[in-house]
Amino acid sequence: MIMTKLSTKNLVSPKGFKAAGLHCGLKHKKKDLAMLVSEVPASVAGVFTTNAIQAAPLGVTKKVVYETKQMQALIVNSGNANACTGKQGKVDAEEMQQLTADKLAIDANLVGVFSTGVIGEIMNMAPVRQGVAKLDLQDSLESAIDFAQAILTTDTVMKNTAYSTIVDGKEVIIAGTAKGSGMIEPNMATMLGFITTDANISSEVLQQTLSSLTDVTFNAITVDGDTSTNDSVVIMANGLAGNEPLTPTHPDWANFYKTLQVVAEDLAKMIAKDGEGATKLIEVNVVQALTDEEARKVAKTVVGSPLVKTAVFGADANWGRVIAAVGYSGASVDPDKIAIKIGGKLLVEDGEPVPFSEEELMQILKQHEVKIDVSLGQGEGSGLAWGCDLTYDYVQINASYRS
1 MIMTKLSTKN LVSPKGFKAA GLHCGLKHKK KDLAMLVSEV PASVAGVFTT NAIQAAPLGV
61 TKKVVYETKQ MQALIVNSGN ANACTGKQGK VDAEEMQQLT ADKLAIDANL VGVFSTGVIG
121 EIMNMAPVRQ GVAKLDLQDS LESAIDFAQA ILTTDTVMKN TAYSTIVDGK EVIIAGTAKG
181 SGMIEPNMAT MLGFITTDAN ISSEVLQQTL SSLTDVTFNA ITVDGDTSTN DSVVIMANGL
241 AGNEPLTPTH PDWANFYKTL QVVAEDLAKM IAKDGEGATK LIEVNVVQAL TDEEARKVAK
301 TVVGSPLVKT AVFGADANWG RVIAAVGYSG ASVDPDKIAI KIGGKLLVED GEPVPFSEEE
361 LMQILKQHEV KIDVSLGQGE GSGLAWGCDL TYDYVQINAS YRS
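Read in order, the letters of the sequence shown are residues 1 to 403 in this note's numbering.
A couple of the hints might just be wrong.
[As the list claims (entries may be wrong)] Straight-line Cα separation of at most 20 Å, SDA-like style, residue types lysine to any residue; simulated pairs:
| hint | residue 1 | residue 2 |
| --- | --- | --- |
| 1 | K269 | V157 |
| 2 | K337 | D350 |
| 3 | K103 | K134 |
| 4 | K27 | V118 |
| 5 | K341 | Q378 |
| 6 | K18 | V40 |
| 7 | K62 | E204 |
Please keep in mind that the hints were generated in silico from the structure rather than gathered at the bench.
Let the sequences and hints guide you as you build the complete structure.
Spelled out as structure tokens, the structure:
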């Protein structure tokens with residue numbers, strides 16, 4: 001398997017993509033409007049929030065992904081979710097789509113629309129109209145950074161990643177950027193993810209691939225258990241690398257599939273690590289479950305437990321919170337076969353406590369990344385999940401979000 005991490009981490013690194021981002025006035029000072037475009041219509045795939053309440057832009061974008069099955073451009077705003085905004089919200093989302101199409105002289109059915117921010121406020125379209133006109137699309141690192149900055153809300157850092165691989169002897173690049181730091185309980189959550197590639201692959205194969213990878217990446221993170229109204233991950237593949245069409249039977253399929261998985265996993269972990277107020281990334285690895293699905297269920301339950309998250313924040317060596325979460329996860333569990341490690345230190349074996357140094361474990365829990373391993377002794381299933389600690393700042397950020 002061939003894969004190289006690119007140091008530029010540039011969303012427009014794949015051939016034929018340009019981006020832009022600027023401050024149009026939806027937010028007080030920070031950038032709040034972004035656009036991404038491909039030279040040619042691209043194959044597209046998407047996965048979206050499972051919340052029954054869905055923001056107006058999702059309806060527009062789903063038609064592009066599932067009916068047109070091609071996308072050439074997308075527009076994103078932050079500062080306003082355009083969710084729970086009734087008929088006007090739909091009108092505004094469609095206007096954003098048409099504004100982009102007119103700017104680029106392309107069909108509106110090739111434009112995706114995404115919004116993130118406060119729910120329940122009608123979009124102020126005047127600055128959006130002015131902003132679209134001013135967006136200067138480029139294929140530079142600076143333009144990719146502008147895009148990444150413009151999609152952020154309560155995030156503290158940009159989230160970018162990029163890798164190259166080889167397909168049919170040609171370089172194929174896969175890059176991504178994302179936002180999200182709260183209400184992260186995928187299927188999916190307040191997150192937006194955008195992935196670009198110059199690979200040649202049909203929308204149908206791309207959709208199957210993204211859907212399967214989402215289960216082990218974006219759907220394997222949790223911050224606070226809330227599921228939002230806007231969240232989406234979309235990938236555009238414009239084929240300009242010039243490879244033969246990719247399918248699971250292609251000789252270089254593993255190169256493409258694994259590279260896309262690593263891009264998605266990088267973005268997912270960055271989101272989890274940047275949870276609102278978070279100070280630590282928590283990784284839970286579950287093995288010997290009856291199935292992979294049960295392993296992922298246990299892993300997400302542990303990493304999502306408020307008691308586990310607060311114990312990690314306080315560097316409290318309380319493994320009882322971990323085993324309790326395992327027990328109520330809903331997975332098949334034999335209490336006499338459970339083993340637990342934190343930071344590689346064995347704490348529980350065959351369901352019984354193992355002597356350990358409290359001071360040594362406290363030092364492990366003070367690190368910026370904390371790994372918890374759980375073995376269920378039941379089968380061959382395995383799964384990973386990522387999350388963050390729960391801090392005083394999380395409450396402060398969310399108590400004053402609209403102010």
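To see whether the hints hold, each was checked on the structure:
1. K269 to V157: holds (13 Å)
2. K337 to D350: holds (4 Å)
3. K103 to K134: holds (10 Å)
4. K27 to V118: holds (11 Å)
5. K341 to Q378: Between K341 and Q378 the Cα gap is close to 17 Å, so the pair holds against 20 Å.
6. K18 to V40: Given pair K18, V40 holds - Cα atoms ~11 Å apart, limit 20 Å.
7. K62 to E204: holds (14 Å)
Checked against the numbered hints above, the structure violates none of them.
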